[in-house]
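Undergrad: Each chain is listed here by its residues.
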Amino acid sequence: MEKNYNVCTGCGMLCDDIEVESEKNIVNKVYTACRVGVAHMKEGRESAVFRVDDKPVDEATAISEAVAILKNAKNPLIFGLGTSTNETQKLAIELARKTSATLDDTSSFCLGRVVEALLQNRFKACTLDDVRNKADVTIFWGADPSDSHPRHLSKYSYFPRGTEKQRGWEEDRTAIAIDVRKSHTAKICGNNFFQVPPGGDAEFIDALIAGLSGKLPKTSYNFPPKRILELANILKGAKFGVVFVGLGLVYSLENLEPLFRLMDALNEKANFHLIPMVGHYNMRGFNENLFEETGYVNSVKFEDGAVKHGPEYSIVEALKAKTVDAALIIGSDPLSSLPRSIAKNLLEIPVISMDPCETLTSRSSKVYINTAISGVESGGSATRMDGVKVEFKPVVETKRLSDEAVLKKIMEAL
Amino acid sequence: MTNAMELYQMLPKTNCKKCGKTSCMAFAVALMAHELTADDCPPLKEEPKYKENYGKISDLFKASEGATSTGLIVHEELCFGCGNCVVACPPNVANDPYGVGSGNAPRDAKKLILIIEDGVVKAQNVEECRRFGKNKILCNGCIVTCPVEAIEFV
Ligand code: SF4
Ligand code: SF4
Ligand code: SF4
Ligand code: SF4
Numbered sequence: 000m001e002k003n004y005n006v007c008t009g010c011g012m013l014c015d016d017i018e019v020e021s022e023k024n025i026v027n028k029v030y031t032a033c034r035v036g037v038a039h040m041k042e043g044r045e046s047a048v049f050r051v052d053d054k055p056v057d058e059a060t061a062i063s064e065a066v067a068i069l070k071n072a073k074n075p076l077i078f079g080l081g082t083s084t085n086e087t088q089k090l091a092i093e094l095a096r097k098t099s100a101t102l103d104d105t106s107s108f109c110l111g112r113v114v115e116a117l118l119q120n121r122f123k124a125c126t127l128d129d130v131r132n133k134a135d136v137t138i139f140w141g142a143d144p145s146d147s148h149p150r151h152l153s154k155y156s157y158f159p160r161g162t163e164k165q166r167g168w169e170e171d172r173t174a175i176a177i178d179v180r181k182s183h184t185a186k187i188c189g190n191n192f193f194q195v196p197p198g199g200d201a202e203f204i205d206a207l208i209a210g211l212s213g214k215l216p217k218t219s220y221n222f223p224p225k226r227i228l229e230l231a232n233i234l235k236g237a238k239f240g241v242v243f244v245g246l247g248l249v250y251s252l253e254n255l256e257p258l259f260r261l262m263d264a265l266n267e268k269a270n271f272h273l274i275p276m277v278g279h280y281n282m283r284g285f286n287e288n289l290f291e292e293t294g295y296v297n298s299v300k301f302e303d304g305a306v307k308h309g310p311e312y313s314i315v316e317a318l319k320a321k322t323v324d325a326a327l328i329i330g331s332d333p334l335s336s337l338p339r340s341i342a343k344n345l346l347e348i349p350v351i352s353m354d355p356c357e358t359l360t361s362r363s364s365k366v367y368i369n370t371a372i373s374g375v376e377s378g379g380s381a382t383r384m385d386g387v388k389v390e391f392k393p394v395v396e397t398k399r400l401s402d403e404a405v406l407k408k409i410m411e412a413l
Numbered sequence: 000m001t002n003a004m005e006l007y008q009m010l011p012k013t014n015c016k017k018c019g020k021t022s023c024m025a026f027a028v029a030l031m032a033h034e035l036t037a038d039d040c041p042p043l044k045e046e047p048k049y050k051e052n053y054g055k056i057s058d059l060f061k062a063s064e065g066a067t068s069t070g071l072i073v074h075e076e077l078c079f080g081c082g083n084c085v086v087a088c089p090p091n092v093a094n095d096p097y098g099v100g101s102g103n104a105p106r107d108a109k110k111l112i113l114i115i116e117d118g119v120v121k122a123q124n125v126e127e128c129r130r131f132g133k134n135k136i137l138c139n140g141c142i143v144t145c146p147v148e149a150i151e152f153v
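The listed protein sequences correspond, in order, to chains C and W.
Position one of the first sequence corresponds to residue 0 (numbering that gives the first Met the number 0), numbered consecutively onward.
Position one of the second sequence corresponds to residue 0 (numbering that gives the first Met the number 0), numbered consecutively onward.
In case anyone wonders, no lab produced these hints; they're calculated from the structure.
Predicted model only: the values in this text are computed from it and were never measured.
One side only, chain C facing chain W, incomplete, derived with CB under 8 Å:
1. CYS33
2. ARG150
3. GLY161
4. HIS183
Using C-beta positions, here's what the derived DEER-type ranges look like:
5. W:CYS138 with C:GLU267: 40 to 48 Å
6. W:GLU148 with C:LYS23: 36 to 44 Å
7. C:SER335 with W:ASP39: 53 to 61 Å
Even for Gly, the Cβ is constructed at its ideal location relative to N, Cα and C.
Looking at chain W on its own, in the form it has when it is part of the complex (with noise of 0.2 Å):
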């Protein structure tokens, strides 16, 4: 969806460290990494000829409002519940393998990832994905894998 130079070009470019980071440009990381809000700097904040950009960069992260701390988001509306991405993915493949790593349907839902659920994909368990925690790689099985792209990393 965007990236931490879109998200710099919206900031103060001040650099007044307000927010506890060294530069806006560290701040735009941040927030691309969900480990700040843009209610996290002051000035954007506070300031009336930043509303606008307060604004925009308050509705980009209110879209993945519905994603998971990982950035994973579903667009519900156009998956259709191929599972392809449950199949493919090295996670639900490791903790299932004679279920969804088959190509079957799951043995115990509980320990996946992704599951498909009314014809619509459904991620849960998600501390599970390899996009997370400390040793995160960028697995994109479940991204290459999708006919439509419903599936996205923000």
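In isolation and in its complexed conformation, chain C is listed as follows (with noise of 0.2 Å):
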């Protein structure tokens, strides 16, 4: 018999074997999925709640006031979109191309910069599926899969049999830990947990490189040669090396040119990809959305049919500044996720904030729209960490729209 399996959207991995029993519209019991996983899928609730100033209204006058303060902002952010569909990014980017709007997402301060140099194929890249088949060294570096994506190691890059990796763990891969702290995943790895300094990666991966080459690998925090040297000859030996690389790393590094002199090292002497670890469902998905429409993966201004792109229009120097004059917020929480002082100024602005929880930034907007949890209540497609594009349907449904057909409604009273 053929399971119906769910989507999980709970994290970037989209987990693709989720079984649920649900009855009327709500989750029951959820197989397979991880902790993570399950509290996603059973946030649901009935009613929708649409609200300006604070006062609950109707699905259209929350619409027409957000169209409002759309047509009356000369420069809107748009902002979020990470846990949104890609049919809703388009729509989104069609929306900030419509408005003259600074549009962004939170990739501008976490993992943007490793996914536009994937997309400018600066790293060879595979999927998590070649990795569950072939890798036989993985590396996790500033990243902790078993608190941020649970089933990382179980599904795809420790535990499971792949084709070309039949006889289990133990033997067959070897799991290895960049880390300013013993992680669980670090704990997880055993010896080959390597802990740096807070700020030390840059320097570690040139020791590392060194070590490559059999020189002598030195640090100025005087990190034991040997042991760099250890991890250099496995690496030297891996026949499918994967680098997953976390926030960690790349909050580390100023900018990611160490870690394009490290990917060149270890492919002169072996065969390594890199995969973001991701953490929203869908952040790749903007990205690479973006990417098509305007050769960026972020921080871009749409003016008069023209793109324009700088670190001016991410949301941190566009809300600094007090460029923008407007914001559509949609699925995402700024005002707490951004340094006080940079936050305060969206409370200064209209914001019309669409999210199917409420957050510290929904409690603060001018209009809010409560929306279906995309990929529970409502469906669609994402794309992947490592860039492989997932449909879903959704798994209960719901009587609040769904933030595509939110857009959908502002696209067409704009």
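Work from the hints to combine the two standalone chains into their complex.
TA: Structure representation (structure tokens):
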């Protein structure tokens, strides 16, 4: 019997093998998903909420208020979309074009640079399925998938049998963690955990590159050279290696040059691929969709049909310089995630918030539209952390509008 | 959680053999193996001076009443359903190589020892566990792969 599987949109893994038992649109039991995924799937509620100036309103009022804000704005900011489908993201790009908006997502302050380099073919890419089937050496660098993507190791990167990895993890695979602290993932990696001091990654990379070519690896923090040489030896022997790049590494590097150097050096001696540890289920989709349209992955400004790009169009810089005069925030909570000094400027402009959950941002918004949970109550397609497209149907039905439906209504009214 | 020596320290240490074992130490070993319970030592159960220890030993094993006959306990509050143990458990792999053995959902959950239900691991068919039965071996597949020590054998 073919089983009817659902996709979990709880994180960038987009696990596609989830069984769900539901009744009257309430999720009762979830099989195979991790705790994060189960919580995500059981989040749904019934009633829709529309609010303007803290007062409940009907759908039409909320939409027309949102439209008025966008119409009056000279340079609205459209931000978020990491937990929206590809279809919604494409609509948002169109809306940004139409309203001459500044468009950005969380990737501008996390993994955007890495995804951009991947899309420009600066790294050798592979899929998670390749990892399962072939990878013999995996490095988790500045990433703790055991916490952020709970099924990462069990579904792809360490424990499963794959077509060319039939003997099991103890014999067939080596997992390595490089991090500033002994994370849960590092614990699993046992002796193959390399603890670097905060900000010490670039130096560690250069020491490792030295080690790869048989030179003495030196760091200012005196990391035991013997251990770096041991690591270099493991890496040199890799037939199919993968580096999973996490936020920890990206935050610690001023630019990606060290990472380019490392991947080049690794590929001189062995065969190494790179996958970014994307958190939100469709942040990579946003990057790819915008890249296709504009050649940039984030931080763009549309103006008279043209596109401008630069750090000044990232949410952080745009708010800092107060260049935006309204904001449409979709499925994101910048008031909580950005530094207070920057986020407070959001409070000075009219904000429209579309989110399935109440957040600090939604509570301080002029217009709040409570949308369906993307991937649970509404379907579509998304792009997994490794670039693979995944389609999904809603798990349950809801009366609440999907963000895609809301954007369509806003576009029509404009 | 505990070992035979710690249990022995709490016994009467008189080697009276009323429990049917040759010594208190042998009784402690039988306790560990879940063959006997605190109730099987008459002095411990009946004599007031052992009352406290009787309670302690009973409590120790009460904690494991939720445990299966192999002594496997899941600390549900710790487990976050990563599935590492499910995919690493050798009988799971043998019984479902293309399902859980390959990191996917079970093809037939009924045949497995460990599955994930509502984000938490669930143990079933424990007689299949390699720690069980005559040919038991000290398998630790599900212990060493767990990031949070949510599986324990008592
Ligand atoms: S790992 Fe991510 S996608 Fe997979 S079940 Fe957990 S939350 Fe969902
Ligand atoms: S009955 Fe109790 S006191 Fe007597 S030998 Fe057994 S354990 Fe020891
Ligand atoms: S001890 Fe071994 S056989 Fe038993 S449940 Fe754990 S991994 Fe499976
Ligand atoms: S490995 Fe540990 S945390 Fe993961 S599912 Fe098994 S018991 Fe739970």
